[in-house]
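Protein chains in written order, with the numbering used here: chain L, 74 to 171; chain R, 455 to 587.
Hints may contain errors.
[Claimed, not checked] Anything over 12 Å on all C-beta distances counts as not near chain L; from chain R, calculated:
1) G543
2) G570
3) I573
[As the list claims (entries may be wrong)] Straight-line alpha carbon distances no greater than 20 Å define the calculated EDC-like cross-link-like pairs of lysine to aspartate or glutamate that follow:
4) R:K483 to L:E163
5) R:K484 to L:D96
6) R:K479 to L:D159
[Stated by the list, open to error] One-sided and incomplete, this derived list gives chain R residues near chain L with beta-carbon spacing under 10 Å:
7) I457
8) F477
9) A481
10) E574
11) Q578
12) D580
13) R581
Source of the hints: derived by calculation from the structure; they are not laboratory data. C-beta: ideal position from N, C-alpha, C; glycine also.
Single-letter residue listing:
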Amino acid sequence: MLHTVNKSSFERNSLKSCLNTIDDTSVILLIEDGVISAAKNTNASMIADLAAQGRVYALQGDVEARGISSKLADNIKLVDYAGFVDLVVEHGTAVSWV
Amino acid sequence: MKISIQINEGPYQHQASDTAYQFAKAAIKKGHEIFRVFFYHDGVNNASRFTLPPQDDRNVVNQWAKLGIKNVDGEPELVVCIAAALRRGMLDESEASKNGIDANNIHPAFRISGLGQLIEAGIQSDRLVVFGD
Chain L
74 MLHTVNKSSF
84 ERNSLKSCLN
94 TIDDTSVILL
104 IEDGVISAAK
114 NTNASMIADL
124 AAQGRVYALQ
134 GDVEARGISS
144 KLADNIKLVD
154 YAGFVDLVVE
164 HGTAVSWV
Chain R
455 MKISIQINEG
465 PYQHQASDTA
475 YQFAKAAIKK
485 GHEIFRVFFY
495 HDGVNNASRF
505 TLPPQDDRNV
515 VNQWAKLGIK
525 NVDGEPELVV
535 CIAAALRRGM
545 LDESEASKNG
555 IDANNIHPAF
565 RISGLGQLIE
575 AGIQSDRLVV
585 FGD
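Isolated chain R, as found in the complex:
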């Protein structure tokens, strides 16, 4: 079955990103396809490549990155909402240069895109499961 996930909460806030990750891992293990994970609202903070949790703690961002959710063209299907990301200072290379900012922080396993990607995930998937605050 095709399953998509929406995450509305940042890492280490409550538990949403962890629950969603465990859910995604279990779904893949059962042979389901994770079509897309859409990071919305504070959930965009799950895409920062600058997080440095203590060594004995899980690394939420790297966990997501390691799941390697991609489409047939090899593009990441860990999708970050562009409007939610820009207003929180989450930028990829292209948005940084477009806005004259000298750094970017989106992890390469994620990509920035629009809300249409969430709607499309809802249409293309058999299930959409929302995690968050």
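Just chain L, same shape as in the assembly:
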């Protein structure tokens, strides 16, 4: 499954709820303010293990819009909107955590 998270982990608990729920094959895509969690020295430690397994993506445009391209935590994969579509196609059911 594909899980999208669109709010910062400083604003909502959605990333935490998502991490508590997902199974071993799911991947996470951080979009909109959700990409804040992909910045170093924020809450990126929450997703470090998943990222090391190559299971965390972030939407490139949203990362750039928030000025965190140079502060990205390790192993976060950047995708554009076409990559977002591919993730939806590849991973079956898409769940939105808001």
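Knowing the structure of chain L, use the given hints to seat chain R on it.
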């Protein structure tokens, strides 16, 4: 692949309608079909034909309208939830006249319908992606 989209947030609120639009555009470019876009909750405000953003800003409503998502019968598949729309003062011509109101504001590229359309989109599509608050 057949993809449907649900939008739960109004235009210019956070980013949901913009993200959904960029997603839909990318999906169409890749050769996928957007079967239906369902506007629910505050998302119904994306269907107002009266929005007038500044000239140097994007026009979210017109962007959706220009995508021209229609079914084989030529009906728009930008579908606005009727219950969510009426309670927010979003009316098409028929709802306005039925309720004795002298104006309507649903953009002609959109149509008002019921929640069954969301369920049907979920059944008919390979994927349903939700954007919103």
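Each hint, compared with the structure:
No beta-carbon of chain L comes within 12 Å of the beta-carbon of G543 (chain R); the shortest separation is about 24 Å. No beta-carbon of chain L is positioned within 12 Å of the beta-carbon of G570 (chain R); the least distance is around 21 Å. No beta-carbon of chain L comes within 12 Å of the beta-carbon of I573 (chain R); the shortest separation is about 16 Å. Between K483 (chain R) and E163 (chain L), the direct Cα distance comes to roughly 17 Å. Compliance with the 20 Å bound is thereby established for this hinted pair.
With a C-alpha separation of about 29 Å, the suggested pair K484 (chain R) and D96 (chain L) falls outside the 20 Å cut-off, and the hint is violated. For the hint pairing K479 (chain R) with D159 (chain L), the CA-to-CA distance comes to about 13 Å; that is within 20 Å, so the pair holds. Against a cut-off of 10 Å between C-beta atoms, the interface hint on I457 (chain R) holds, since the closest Cβ of chain L lies about 7 Å away. This hint holds: F477 (chain R) has a C-beta 6 Å from the nearest C-beta of chain L, less than the 10 Å allowed.
With its C-beta approaching chain L no nearer than about 5 Å, A481 (chain R) sits inside the 10 Å limit, and its interface hint holds. For E574 (chain R), the suggested interface contact is broken, since its CB lies about 17 Å from the closest CB of chain L, more than 10 Å. With a cut of 10 Å, the hint placing Q578 (chain R) at the interface with chain L is violated, because the nearest CB-to-CB distance is about 15 Å. Interface hint at D580 (chain R): satisfied, since its Cβ lies 8 Å from the closest Cβ of chain L, which is below the 10 Å cut-off.
Interface hint at R581 (chain R): satisfied, since its Cβ lies 5 Å from the closest Cβ of chain L, which is below the 10 Å cut-off.
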